[in-house]
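Undergrad: Hints are included, so try docking the two chains, each in its own frame, into the full complex.
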Amino acid sequence: MTTVPPTQDAVPAADAPRVAHSLFAPDKRTASRNAQESRFRAYGLVAIVIALLMLVWLLFSIFSAGLPAFRQTFIEIPVQLDAAVLDKAGNGDPVEMASVTTIGYGKLIGRALAAELEAKGIDIGEMTPKDLVGMVSENAAADLRDMVLADPKLLGTTVQFKALAHGRIDGYFKGRVTLETAARDNMTSPEKLLLADKMVAAGLMEMRFNAGFLTMPDASDKRPEAAGLGVAIIGSLYMMVVVLCLALPIGVAASVYLEEFAPKNRWTDLIEVNIANLAAVPSIVYGILGLSFFINFAELPRSAPIVGGLVLTLMTLPRIIIPTRAALKAVPPSIRDAALGVGASKLQTVTHHVLPLAMPGVLTGTIIGLAQALGETAPLLLIGMVAFVRDFPGAPMSGLFDPASALPVQIYNWTQRGDPGFVERASGAIIVLLVFLIVMNTAAIILRRRYERRW
Amino acid sequence: MSLGLLFLTVLALAAIGYAVGRRRAMASAGGDMRKLHSLPTFYGWITALGVLVPVLAVSLVWLFAEGFFIHNSAITHIDMAEVAEDSSVNLMMADVTRLAGGLSVLEAAGTDIEAMKLDIEALKTALGEAGVAMGNDPTPGMINAAEAVRSTGKLSRIGLNVVSLVLALAGMAWGLRRITPEFRARNATEKVSLGLLIFASLIAVATTVGIVFSLLANTVHFFSIYPGSTFFLSPTWDPKFGGGSTLGILPLVWGTLYVSVISLIVAVPIGLFSAIYLAEYASRRVRGIVKPLIEVLAGIPTIVYGLFALITVGPLLRDWIALPMGFGNSSSTVMTAGLVMGIMIIPFVSSLSDDIINAVPQSLRDGSLGLGATPSETIRQVVIPAALPGIVGAVLLAASRAIGETMIVVLGAGAAAKLSLNPFEAMTTVTVKIVSQLTGDTEFSSPETLVAFALGLTLFTFTLCLNVLALVIVRKYREQYE
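Chains as they are written, first to last, in our numbering: chain A, 1136 to 1590; chain W, 31 to 512.
Isolated chain W, as found in the complex (with noise of 0.2 Å):
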């Protein structure tokens, strides 16, 4: 049975036993609902909660250790000496995985795989025309732990199926068991369903320890093999896949930096000035037409920017500035990344400040006013004044976006590392180098690939500080009104 049916027959399972339940509850009070101590439906709904509850969280877990026991059974058939010498296991069992999926590609298709397996030759001619790419030819280890990898995963969907089913029966008849008059069926209901909605938001304190697990873990494994020192205080970056590499993090937080600084440069003024006239100047009805527009900048895809960082505003830069000015000749530049991300983060400027400056009291405004003071100087002398922690907060949570960036620098500001001034060059940022760094079949054990980890933790950390840091100014500022 395919994970979609087993799905679909427990969910269907469900639904009988929330019949049967409610039906079973209604004849053991003899049809008069008042001798029940909860309404029919709860006895219906404690039911399915028993048939779907139990299973769903057998198979989650299943489906998570499924591939861990996979892996180690076949594992054990491979041949430590077999292993090439640039190779390495996981490399070798990405391969064994592909195998196996192209020996049941090839299962599907009729032809006789037992034959097949004897003849290596007849093997990858056949794999290739099914289109099944391998890194290396399949040896006969290879091919004994595909078969383990296939038998065991047959095995586990089978023992899945078997499991669920009979938990899923079990669970119909422990709860239709239960059913009595006196049973309390929606206090048990309820008890149920606040366990589910306490689950629910501990999802989210899992994903931030994940992030942070997942970043932390790897970052001691690639500090263990790499000199933080290097790292932290190195100004070049100079991956080299065949070792020996220099991975220093300077270049690419100097190009990360000078990136967002020209970002907020183009976004401040614009964004605070066009906050200021929206919610001091305008009339309800501009207002109402241009903050939307405004807001639909923020709505772009970062993709988007990025395509037009690269064809619209990078060689407009180069053709008519960076060129006839000597500056460079390429379009993937500093400049180009920070003006389109610029753009891109106007409006978390302009809109965080005008909820701000709208937050500042009608009454300063009146006494500044009735003092005779013009707008602009009551805008100047009282309102950002009073303003500005939440519009500096407002702009940290644009620098914050403008370094987590990533798809308008990856297009738009090169690939070089590069620890220079010149605005019209091209640089790289952290996100840049997490990206390619880990783009590709990667291998967990290389420091090439491991210094990701350290770049992402680095960024995440940089950016929480900087969101906390935000939070608890403009916090402390709306208290300050209220």
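Next comes chain A alone, as it looks inside the complex (with noise of 0.2 Å):
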């Protein structure tokens, strides 16, 4: 038998001091404890405040630098298009007009904005003729240029012509371009800048909204202000075709035969087990995968549309499935029973009855899987979508074979420029791309508050 130890460490010695309690004011230890909790609590919310302002915070700083994105520099002025320069043969013909390239066009601004000063009678002190030339973009020539080529009647008219501002003139504007700066810099000098208020008071030059920075395709390194995502739009756009077009099928096809149709075996097991991670490999990966099978193997086209529609259909595969699975589950058993019982076919059940219930799970799965599909970049990156292209795409079949670029590639593209007229151009490009991704999250939230069943 063994001794119980004596107990009397637990029980007060009846001789200690007894401390007095009061059930109005907590003791220490009691106190402690409280503010321990408080303080556990706080931490709680310090955390859910840090993330949070983490999110504005992001938010913040991309809109605050791609907002003057949408709005852009102009300067309107009336050119008188002189058919003795532009048309040296006198007969109108498109193909030899061709010969007279952007310079001579460009000239033909840089008269036009000195005769237009003038008229206003705003003095442009020791500045040439090319000066005033450096003040607007280098596209609006090659703008003029496709104008006059497109529609010859032109020639000898006079037309109100809407310039780009050169970037440097629009950077002064958005605040991105200072006199000092300005003072140190080959591509523009103080004293234009200071012309360009002259400018703007006398109502030549004005900021407005730049529709064109989401139809007109790339520019080059040099004229950030002509830059548009027009290409990229588009690129998204067909490779978000392809997916759908492509992923949901297989998707859901996958998805009812393994939640309707397959024995539980090790060989389905395997398939579940393979799906899941499929969901968490990098997508980079993807973009390895999509390098070497499709490009090398497959031979089909670089910065094609249809590559890497083909590459982010297997990446959202998985993120298709796994809800789809989840929505066809979610349909009770009783709704199979009926059908069955009143003589329908496995598959009748099926496609008549379990996948209609389970459609609002299906589209909201997908939309989202779509949304991610979107942003991805990394994979792109490898099957070549970074390349520069300036051509729009041709029309569907065909044109997804044509090289094009993608959003989140351009933007990554323009991270990349040396100019920095290019990150305000970086920054615009997300908002496009979060406004696509938040119409189509609120798509899938929508359905899914307004159809979706529960049992």
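Hints were generated in silico from the structure; no laboratory data involved.
Every value quoted in this text rests on a predicted model; they were computed, and no experiment measured them.
Heads up, the beta-carbon is just placed ideally off N, CA and C, and yes, glycines get one too.
Do not take every clue at face value.
The calculated lysine-lysine pairs, modelled on PhoX-like cross-linking and capped at a C-alpha distance of 25 Å, are [claimed, not checked]: (1) Lys1333/A to Lys1297/A; (2) Lys1399/A to Lys221/W; (3) Lys1464/A to Lys506/W; (4) Lys1399/A to Lys506/W; (5) Lys1464/A to Lys221/W; (6) Lys506/W to Lys1481/A.
Only some residues are given here: those of chain W computed to face chain A with a beta carbon under 8 Å [said to hold, decoys possible]: (7) Phe98; (8) Thr237; (9) Thr469.
TA: The structure is reproduced here in structure tokens:
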């Protein structure tokens, strides 16, 4: 028999001084426990506040850097399209007129600008016409040339031409360029900026909404003011169409098989584990797969939306299969039993009853999967979408094989450029991307709220 | 016929097959549906499937095989002696493909390309005007090869059109001939459909096989031309495109781990504490608002975080911490990338932890509270220990996400491979180097390019192990309380 040790430590000695307790004043230990409690709660709150602040900070930084991209400085002047300069042969044949390069048109714009400044009584000081040409974007001459070649009847008339201002002038009004930086810059000068101020006062130059940011193609390194998202938006759209057309049917078919038909054995278990893992494979690995399989092995063209779409399809498939299976699982067995009971075959049960009931869940999962695919960058870098593409791809289907860019890749591309004007463009492009994502996710939420049934 | 038109034609044929099949079935039963084995629609479906399935299968294989045959027909025209010393057959073939595209463009513009082909100088200028950039000047061999590319391509497309249409019509005829009132159309349709469903679910398996195969094959190739000991043990990463580069993975692994650890240091406390607050303290309303807001962080594309690191966080850290304290003057640093990535993975930690804390049975909490513990004591001493395996799983998943992340480190961490302890120095990661070695016109024979596959395989294995481990832990944990 073991001896029980005396337990006198546990019980306070009878002669110990009694501590007076009050129900209204907590004792020291309770107070410290309570303090600990509120501290712990505060940690939680602080963590949430930090997370939300980060979100706000991120969005604020992107929006404040990107919103200016939607506004652009334009110079509006009447340009006299001198037939003697633009059409030396004088027969209005566009092929012959094409021999006049953008330099010729640039001179024309410079002359028109000088004339207009003189008419408005603005002193241009020491500036030469060549300096004046430097006020407008290098793209303006090309725009004017395209305009004339498209419509040779304009020759000899005077048109009201809206020219993009040079990126540095635009940057001056957006606060990116100051008189001090302009003095050290060989692409502009303080005089030009001061003249720009006078032109604004005279109403020749103004900042307005820039629709070209959404419609124009990319521009070269020295013309941030002319760079737009047109090709990238089309490229992204094509890829999303490819993903939707392939990933939705294949994903639904795979989920239906696994959820409704597959026997439970080792083989289907393997497929299931495999899909769970595919969802967590780093996206860049899909890029490697796309490069070595679609481009090197199957010899599909680089930079083509079809390849991007195929790679993103493979990446999106598990992300569609997982929610689709959950939606199918949520349909109660009684529905299936009832259908089978009145003589429907298994496939009829699924296509007539289970799948329509699961459709809201399937579509929600698909939209979210598409939204993820839309923002994915890394795999597209590897399949060559990062190339500089100025030509719009053709109409589908052959357009799917033309080189194009994509929204996230265009953003990456712009961050790699030297001119600071491109940072604004990249942030603006992110706003466009985020707007697309918000629209898609809102659609998914509405779909879920409205149509999802709980049994 | 273009691909799109062909596709539409086949679809139209299938639709016709459906309508005719249905009608024929009804006619064969003398208009009395009860005499048919299956519903009339099934006779339509089986005819339509008979048109579609063979055509789609054949054209898919055809399109993938086409490139291979075009390549082979063109390569015979290239004189191996013409291949420049610093170039290779593959680069030359890339030029040939461009040349073929350029010739088609010129032909479409109405240029006389037969005359052009004899005058290489004129061809060069014409191509330049058409916006076709070539690596090397075209040679007669290349022009012949390009012509072979064009003619084989044309031939292949004509062949595809003919074969597809013949198959579609044959499928329709065969399907229609089979239609009798006794034909079990429903069973046949369902058998074909089940086959299609199985095929769809096999695509996921094929993807994994494709990933593993493409990584392994190229990695084996890499190790056959580059010593494995240097790759795994050398502390320098110094690729030179002229050859003689040192490709040690250690600095890349170091950079990857360093960035990931910083991001976990940021994300785990924030994510865990917000999960605890949301699961245990927050009211239903607060939870309903805050949880989706935090999850927005996971829905933002990584390129956005990358730009955030590049234009906001990087310069901020440099101007306020690194420069005043003398740690360095770079704005692309391990710290920048780690911090921003930490923000990105907060929701991965918090969402999963939240689910897991919610799965802890209420009886455990009630027991602890009933004994007089405060809520925080209950959480720390009862709930968290019970949820610990699941939380570890969540952190592992977040870590795997951080290791595989690309865009944030490409834009935020810099490109210099370094083994350094200073977090305010630019370092680089495995993913960054995969991107930089594989972007641009790559050629799959030099170790400098192939190394990307070895890096990819390392990354794939690493994240796969982390994911499997995390899934096993989470699954075990869930079973515990079910």
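Undergrad: Need the list of violated hint numbers for this structure, in ascending order.
TA: 6
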